[in-house]
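Q: This is what each chain is made of:
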Amino acid sequence: MPAPLAATLRPGFADPVFDAQAAFRAAMSALAEPGTIRSLAGLDHAPAPLGSIAAALILALADYETPLWRDALLATPEIDAWLRFHTGAPFSDAPDAAAFALVSGAEALGDLDRFSHGSDLAPEASTTVILTVAGFGADTGGVAFRLAGPGIDGTRDVTIAGAPVDLAERRAADLALYPRGLDLLLAGPNAVLGLPRTTRIERI
Amino acid sequence: MPTRAVPPRPAADPATDARRAVMALAAAARVDELAPVEALAGPGVTDLRVPEIGLVMVRGRAGGSGRPFNLGEATVTRAAVRLAAGETGFAHVLGRDRLKARRAALLDALWAREALRPTLEAEILAPLAARLDAARRAEAEKAAATRVDFFTLVRGDD
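Quick note, the sequences are listed as chains A and B, same order.
Mapping of the first sequence onto the working numbering: residues 1 to 204, in sequence order.
Mapping of the second sequence onto the working numbering: residues 1001 to 1158, in sequence order.
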């Protein structure tokens, strides 16, 4: 690895096995029960501006066979070196070739169609997008959404600060593609919330 | 564990060769022989990579030049540390000894500090090299003592 960056390289998980398992469990539960807020101990020492929850998720999920795409704000030499050292994942400049996408905020999300939605034969080959948001809950002054679909008994209401305001419309188009589609993990300040491809989203 | 010479590798600069030699010694050391690094490293050490156990595929080449093949998997422990002054050290050691991997990484980091090299040499590396040498010699002598030289006095077909 490049010598000058080694002096600034940040550590990863304090306990690689159990911390990674906790982060994986949070991500899995978040996608299994969309809209539930799964609190998680993040990586506070992750290189800025990568959020602590997004950092914990990507360290738990990415490895040498999952190409990573990150938006321009997150493609700093320090973050790149950190991701390369701790995950070994290759970087992808094309969003549709990435297994995981790290997105720093709603304004950087762009058109969802640029990410891979998988194919009908291999729908799991889609991109999992880890989007950093400002927070969850009514007191955050965010946008309220009503969720329905698999993993939700009836409907579930969530308030998300920092999510795209037109999230419902942008996800609606994806529903028709099933089994193809995108899975979204929203990384808040201390919790993760999942919006898998099957979840119907309505703005309220 | 039998000790052996470091296998031939692509030529590197002398600094890298010296570092490799130090790490080869660390790999053959017992965990207690590396203990002095803890005091030398002092406080403020960051564990960039907390010691973790995993598998590596060991590859071989018949005769050192044949086609590479996968010999088998070996258990290794790796660690990476940064000292308070900013030097980083990396280590992989065979086996499941986390403490040894961390100490070997500390040694690698301390080796980067030129002023400390005589101390490391005197406190750790020289005694270690001497022990390994003695062990190697003892084994060679034991093997040599059992050697039988055969020679033919008279060929039977005369």
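Warning: the hint list may mix true and false statements.
Pulled from the structure, derived: some chain B residues nowhere near chain A, Cβ distances all over 12 angstroms [as the list claims (entries may be wrong)]:
1) R1049
2) R1082
3) E1141
Some chain A residues judged to face chain B by a derived CB distance under 8 angstroms, without partners named [unchecked claim]:
4) L9
5) G12
6) A14
7) A20
8) A75
9) D111
Some chain B residues near chain A, calculated using beta-carbon distances under 8 angstroms [what the hints assert, rightly or not]:
10) D1047
11) E1052
12) V1056
13) M1057
14) T1075
Just so you know, these hints were derived from the structure itself, not from any lab.
Bear in mind the structure is a predicted one, so any value in this text is a computation, not a measurement.
Glycine residues also receive a C-beta, built at the ideal position from the N, C-alpha and C atoms.
Q: Now tell me if each hint is right for this structure.
A: Now for the hints, and whether the structure bears them out:
| no. | hint | verdict |
| --- | --- | --- |
| 1 | R1049 | 6 angstroms, violated |
| 2 | R1082 | 7 angstroms, violated |
| 3 | E1141 | 44 angstroms, holds |
| 4 | L9 | 6 angstroms, holds |
| 5 | G12 | 6 angstroms, holds |
| 6 | A14 | 6 angstroms, holds |
| 7 | A20 | 10 angstroms, violated |
| 8 | A75 | 21 angstroms, violated |
| 9 | D111 | 37 angstroms, violated |
| 10 | D1047 | 6 angstroms, holds |
| 11 | E1052 | 5 angstroms, holds |
| 12 | V1056 | 13 angstroms, violated |
| 13 | M1057 | 13 angstroms, violated |
| 14 | T1075 | 15 angstroms, violated |
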